[in-house]
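Q: Residue numbers (our numbering), protein chains in the order written: chain S, 1 to 242; chain D, 243 to 340.
Think of the hints as simulated: they come from the structure by calculation, not from any bench. Source: prediction; values computed, not measured. Take these hints with a grain of salt, some might be off.
Stated by the list, open to error - Some chain D residues close to chain S (C-beta under 10 Å, calculated; not the full set):
id : residue
1  : R277
2  : L282
3  : L309
Claimed, not checked - Result set (SDA-like, lysine to any residue): computed pairs, CA atoms no more than 20 Å apart in a straight line:
id : chain 1 : residue 1 : chain 2 : residue 2
4  : S       : K127      : S       : F15
5  : S       : K127      : S       : L144
6  : S       : K189      : D       : R318
7  : S       : K209      : D       : G300
8  : S       : K209      : D       : G301
9  : S       : K189      : D       : A254
10 : S       : K189      : D       : P276
11 : S       : K127      : D       : A323
12 : S       : K189      : D       : G319
13 : S       : K127      : D       : G320
14 : S       : K189      : D       : V315
15 : S       : K209      : D       : A298
16 : S       : K209      : D       : G302
17 : S       : K189      : D       : L314
18 : S       : K189      : S       : V229
19 : S       : K127      : S       : K189
20 : S       : K12       : S       : G135
21 : S       : K127      : D       : M322
22 : S       : K189      : D       : G313
23 : S       : K209      : D       : L259
24 : S       : K209      : S       : S82
25 : S       : K189      : D       : R277
26 : S       : K209      : D       : A297
27 : S       : K189      : D       : G320
28 : S       : K127      : S       : F149
29 : S       : K127      : D       : G319
30 : S       : K127      : D       : R318
31 : S       : K127      : S       : I101
32 : S       : K127      : D       : L317
33 : S       : K189      : D       : L317
34 : S       : K189      : D       : I310
Each residue gets a CB set at the ideal place from its N, CA and C atoms; glycine is no exception.
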Amino acid sequence: MSAEAISENRAKSDFLQGVRLSMPVVVAAAPFGLLFGALAVDNGFSVLEALLMSAMVFGGASQMVGIELFGQHVAPWLIVLSIFAVNFRHVLYSAGIGRRIAHWPPVQQAVGYFLLTDPQFAVAERKAEAGETVGFAWYMGLGLPVYVFWVTESALGAVFGRLIPDTHALGIDFLLPIYFLGLVMGFRKRPLWLPVVVASAAASIIAYKTVGSPWHVSIGAVAGVLLAVILPPRHSGVEARP
Amino acid sequence: MSTTLWIIIAGAIATYLTRIGGHLVISRFENIHPRVEAGLNAVPAAVLTTLVAPAALGGGPAEWAALIVAGLVSLRGGLMAMFLAGAVVLVLARQFVG
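Bound conformation, chain D alone (with noise of 0.2 Å):
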């Protein structure tokens, strides 16, 4: 088998055990700690956060903009809608500042 074709089945497992390994882990405690259940009530918003923050830092007026129309649509509309709105106002707002 070719070189390449290992590192894609060795990337698949470490994947899927990343996938499953976090469950693995805290199913073997019976009771969950109250405060365990806080940090597991953060998690979607601790590491989604972490896709946005540093791509915005990093972004330019075209980007910030999008981002501020978004969040502000999404806090009447749903995904969809502020997802369209934010694309709309990035390549609009790129055509003029780049």
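One chain only, chain S, in its complex shape (with noise of 0.2 Å):
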């Protein structure tokens, strides 16, 4: 066999082992991207619209967000800044992905960046915590199957929104902070993990009963970065380099 041929193998097996990781997101996905159609349509869009924003945008609370404000005629701009806020812990991932995608081509970093989401972030950092290369093939199959879907459901959500049952009885609105629950359980081995998900949590329900949501999120997303930063470097396991 070739040596193209042979990393094309491994490029294939690469995605299809991303594809195989995506499913759970897949899956605790779906109810949402169908929920984003409907409520879309019901707050005024149309349902090409409501494709458009999931293609384009791809974060699926701050669309959420976005159409709500949408269908009380809030100013323009200041649904934009929504969006915006909502999604302001993606700098925190970008910051800390930068480092493990760094050797790819920079047009296949900017689409790596183009889907970076919340478990796509996870899921490559745990990849990367076990010592392997976070590589393109892998990181494509790992989102891509996220987006076709996503986007998928939102226009067949916009289309037959009305038909979705009892959402309560299904559980479909408390899916996601279990499927959450499960990626933070992950990075239980890491130095400071405790400490850190213990400060995250207060400051997080602390901003989320004064400040109020969505700032809730960064808000206790930063107090777990710094109480890495602020402790000894001997607990971080991060040893300064010579």
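Got two chains here, each in a separate frame; can you build the complex from them with the hints?
A: Below, the structure is given as structure tokens:
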């Protein structure tokens, strides 16, 4: 077998490994894609606009907030600012993942950052933590199914939105917190994991009660990160390099 | 172009800026200070916790039971197993306690 054929096979199996890991994400996000489409049409979006927003923004929570404000006829600049605020946590993901994908060509990196959602970041970080290389094919295998399903579900929700039965009894409003808890638990072997989780949980709850959503996410995240920065490096497992 | 379309485009640009911005800022520095690296390593647990904690606090017995069972399963099983266990407990518990 030629070297090219071997590397092509390698990329294919990496891609498929990513696809397998994307399945829980696809399942957990599905109700929200449908829900977003239904709410978007309900708030005055056309089916095409709902599809376009999912395809271009690709950020569930921020899209929900955006259409909610749109329905309340809030000023457009304030809607955009709110989308920015809800998505601000990605700045931290972006700073963290840059170390893992720096070896990709710039165009691939630009595409990679577009797909950088919560689960995308968490699953890629876990792979890097296990000492494995985060390759482009693997990353696409993880991200593309989530993207394609998200956009498709938004369109389906927009067309058939009113047919969704009792969402509460089906538990779909609480599936994402359960999934995110799983992601948090996946990092429990990291140094400082427990203090960071406690600090972020406390700060986000206090901020949620006082400042309000969506700022509790950024405030809680900064609290946990700051704690890790402030504690002496010997606790955080990062030694000063000579 | 309609206002809606402008909102979607501006929202998409704002979102992409958050997804590439952190990298653009941090890549300006040649050496990453150990404390900054420690902070970056704390990012997943710190951010993802904020997506769980307020939701958990706002929940009731059904939600708490689901999170506890899912958390316990995650100590042994994989992500899919913990997710399904939590979802099953949630749906069952809501049949009884609403």
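Q: Would you mind marking each hint as holding or not holding in the structure?
A: Consistency of the hints with the structure:
1. R277: holds (5 Å)
2. L282: The hint holds - L282 (chain D) has a Cβ within 10 Å of chain S, the shortest such distance being about 5 Å.
3. L309: It holds, given that the least Cβ distance between L309 (chain D) and chain S is near 6 Å, below 10 Å.
4. S:K127 / S:F15: holds (14 Å)
5. S:K127 / S:L144: Distance of about 17 Å is within 20 Å: holds.
6. S:K189 / D:R318: holds (13 Å)
7. S:K209 / D:G300: holds (11 Å)
8. S:K209 / D:G301: Distance ~14 Å between K209 (chain S) and G301 (chain D) Cα, so the pair holds.
9. S:K189 / D:A254: violated (35 Å)
10. S:K189 / D:P276: holds (19 Å)
11. S:K127 / D:A323: It holds: about 19 Å lies between the C-alpha atoms, which stays within 20 Å.
12. S:K189 / D:G319: holds (15 Å)
13. S:K127 / D:G320: Satisfied, since the Cα-Cα distance of roughly 14 Å is no more than 20 Å.
14. S:K189 / D:V315: holds (16 Å)
15. S:K209 / D:A298: Holds, at roughly 13 Å.
16. S:K209 / D:G302: holds (17 Å)
17. S:K189 / D:L314: Holds, at roughly 15 Å.
18. S:K189 / S:V229: Measuring from Cα to Cα gives roughly 18 Å; hence the hint holds.
19. S:K127 / S:K189: With Cα atoms ~13 Å apart, K127 (chain S) and K189 (chain S) stay inside 20 Å; holds.
20. S:K12 / S:G135: holds (11 Å)
21. S:K127 / D:M322: Cα-Cα ~16 Å, so holds.
22. S:K189 / D:G313: Status holds; Cα separation ~15 Å.
23. S:K209 / D:L259: violated (28 Å)
24. S:K209 / S:S82: It holds: about 18 Å lies between the C-alpha atoms, which stays within 20 Å.
25. S:K189 / D:R277: Between K189 (chain S) and R277 (chain D) the Cα gap is close to 19 Å, so the pair holds against 20 Å.
26. S:K209 / D:A297: holds (12 Å)
27. S:K189 / D:G320: This hinted pair holds, its Cα atoms lying about 15 Å apart.
28. S:K127 / S:F149: Status violated; Cα separation ~23 Å.
29. S:K127 / D:G319: holds (17 Å)
30. S:K127 / D:R318: holds (18 Å)
31. S:K127 / S:I101: Holds, at about 12 Å.
32. S:K127 / D:L317: Roughly 18 Å separates the two Cα atoms, so the pair holds.
33. S:K189 / D:L317: The hint holds at about 11 Å.
34. S:K189 / D:I310: holds (19 Å)
Of the numbered hints given earlier, the model fails hints 9, 23 and 28; all others are met.
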